[in-house]
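Protein chains in written order, with numbering that gives the first Met the number 0: chain L, 0 to 112; chain E, 0 to 96; chain R, 0 to 312.
No wet-lab data here; the hints were simulated from the structure. Treat the hints with care, as some may be off.
[As the list claims (entries may be wrong)] If you anchor each label on the Cβ, the simulated ranges turn out as follows:
#, chain 1, residue 1, chain 2, residue 2, range
1, L, T4, R, P239, 47 to 55 Å
2, L, Q91, R, D211, 46 to 54 Å
3, L, M0, R, V34, 22 to 30 Å
4, E, D31, R, A181, 26 to 34 Å
5, E, V10, R, L4, 20 to 28 Å
6, R, H276, E, L76, 41 to 49 Å
7, E, A16, R, P183, 37 to 45 Å
8, E, W7, L, G56, 29 to 37 Å
9, R, P115, E, L27, 42 to 50 Å
10, R, I199, E, L75, 15 to 23 Å
11, R, D168, L, M0, 54 to 62 Å
12, R, P86, E, L76, 43 to 51 Å
13, L, T4, E, L54, 29 to 37 Å
14, R, E122, L, M0, 27 to 35 Å
[As the list claims (entries may be wrong)] Reference excerpt, derived from the structure (chain L facing chain R, CB under 7 Å, subset only):
#, residue
15, F6
16, L8
17, C9
18, L13
19, V23
20, G46
21, R51
22, V62
23, A65
24, V82
25, F89
C-beta: ideal position from N, C-alpha, C; glycine also.
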Amino acid sequence: MTAGTLFGLCAAALIGLGLFGLIVNPHPLRKILSFNVFGSGVFLLFGAIAHRGAAAGMGGDPVPQALLITGIVVAFSATALAVALLLRLFDQTGSVTLSSDVAAKAGNDTGAH
Amino acid sequence: MKLFLDLWTVVAVVAGAFFFFAGTVGLLRFPDSLTRLHALSKADNLGLGLVVLGLLPQVDSVSAGLKLVGIWLLVLLSGATAAQWIARTFRQSGTDP
Amino acid sequence: MIEILNFGLAALILGLAVWAVVAREAPAAVVGFIVYGLLLTLVWLQLQGIDVALTEAAIGGGLTGVLLINAAVRLRSTESTARAQRPSASTRWLAAALSATVTGALAICVLALPEPAPTLAPEVLANIAVTEVGNPITAVLLAFRAMDTLLEAIVLLFALIGVWSLAPDRAWGGRPGLLQQADPNGMLDYVARVLPPIGIVAGIYIFWIGADYPGGKFQGATLLAAMWLLVMMAGLADAPPISRSWLRWLLVAGPLAFIAVGVVGAVTAGAFLSYPHGFAKTLILVIEFALMPTLTLILGLILLGAPLRGEAA
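This is chain L alone, in the form it adopts within the complex (with noise of 0.2 Å):
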């Protein structure tokens, strides 16, 4: 089996995982941290393609690896922004909870303001 498929395989694999992680964690963080394992699961399976198309003396096809690097970076915009998002949330209600009945009963054990 080639290098190609076989993280090819596994990129599918974690792109799975993520997805499970990301319908069944409760809490956001962890909603989050799936969701960055799915997002590398996309990339791994962008970078086995990208490296089969290995030709003219290049290990890979640069075009789909430069796109990943961009991609890479704007993923680490949005999980800042959702960190952020979620630190803000915390710090106003004492509670990370997206679930509105749950949420009003944890303001209210916290006294949030």
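Following the hints, complete the assembly by docking chains E and R onto the known chain L.
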């Protein structure tokens, strides 16, 4: 000469790998955080040092060799800092590590 | 031999991904994710994407890891409430079935990819001489698809503005991050004095060499930002208040220079971001040098988060 250098590489890298193995066993088996930290830093410092020393005869240029040594020194610095910091956090928190 | 190592690497990565998804405590899950990111860089090396490996190590594993572990520690008290909200068994089974289906479909696609694989590598090779840079990735990033890179820099800037906009009203315009007390005898103080000179040289080296070899401004800027963060964490310097006009000008300088080069191209070479003949390398260097300080500041400030205290130090 070539044979001797190759032999040196094999011996040193195997010895380095042994230290990593021992460090990992220690990390998994030692009873508390401070001893685990001790095992881990031994693996980092000695294991990586031996691997780097073993690889030195195989590099093509002086600058590549210097980069390898540089990597080892940087890992020494970061490993020592992290271990010291973790141990200190345990001591200050006063909990059983 | 290398095949066995690749299989081991894939197995380790999958194991760590499972850990990051199912671990009970969030900080433990994040530590698993950081190790996962480091091992992914080895996979990128196996896939011959050295530039991607550097980016993954610097940003995917490094900066994202710091961001998440900081949040995980701050949100520790919320974990037990969240655990009580775990979805029902039927939802979990449905999610597992859905995920397995997605994975299966993707796996079939991977195995059914066309032979020979389509590639743009020969075209890049045919046109790279015009750009006068030696690294094909840099040629794609700053010449063939420069628009993507411009928009990427703007996305980073918008993310920082988004993070800042979450500041409480009383702290708006103030300093981000917590005030750290310097400890002159501490280990962190020592490292924050010894490491930055080395880290700054390494960061500029990675940036400079990116024109011809793997490396580049994002990886270099990450190292510089890390050194800046280290100095701030040790309490040797404080974060600047976000209302400072020098800071704001530096933050927009990179994208503005990039857009200016694009407009010059529109006037002299007939299309936005196309370079007049013979000036490609010069203009690429102008963009790189303008983007470097901007990216360093944005990456550092984004990790510090929204301002939480006033201007007073």
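Here is how each hint holds up against the structure:
| no. | hint | verdict |
| --- | --- | --- |
| 1 | T4/L with P239/R: 47 to 55 Å | 49 Å, holds |
| 2 | Q91/L with D211/R: 46 to 54 Å | 49 Å, holds |
| 3 | M0/L with V34/R: 22 to 30 Å | 25 Å, holds |
| 4 | D31/E with A181/R: 26 to 34 Å | 31 Å, holds |
| 5 | V10/E with L4/R: 20 to 28 Å | 21 Å, holds |
| 6 | H276/R with L76/E: 41 to 49 Å | 48 Å, holds |
| 7 | A16/E with P183/R: 37 to 45 Å | 40 Å, holds |
| 8 | W7/E with G56/L: 29 to 37 Å | 34 Å, holds |
| 9 | P115/R with L27/E: 42 to 50 Å | 46 Å, holds |
| 10 | I199/R with L75/E: 15 to 23 Å | 20 Å, holds |
| 11 | D168/R with M0/L: 54 to 62 Å | 58 Å, holds |
| 12 | P86/R with L76/E: 43 to 51 Å | 45 Å, holds |
| 13 | T4/L with L54/E: 29 to 37 Å | 30 Å, holds |
| 14 | E122/R with M0/L: 27 to 35 Å | 29 Å, holds |
| 15 | F6 | 6 Å, holds |
| 16 | L8 | 5 Å, holds |
| 17 | C9 | 4 Å, holds |
| 18 | L13 | 5 Å, holds |
| 19 | V23 | 5 Å, holds |
| 20 | G46 | 5 Å, holds |
| 21 | R51 | 4 Å, holds |
| 22 | V62 | 4 Å, holds |
| 23 | A65 | 4 Å, holds |
| 24 | V82 | 5 Å, holds |
| 25 | F89 | 6 Å, holds |
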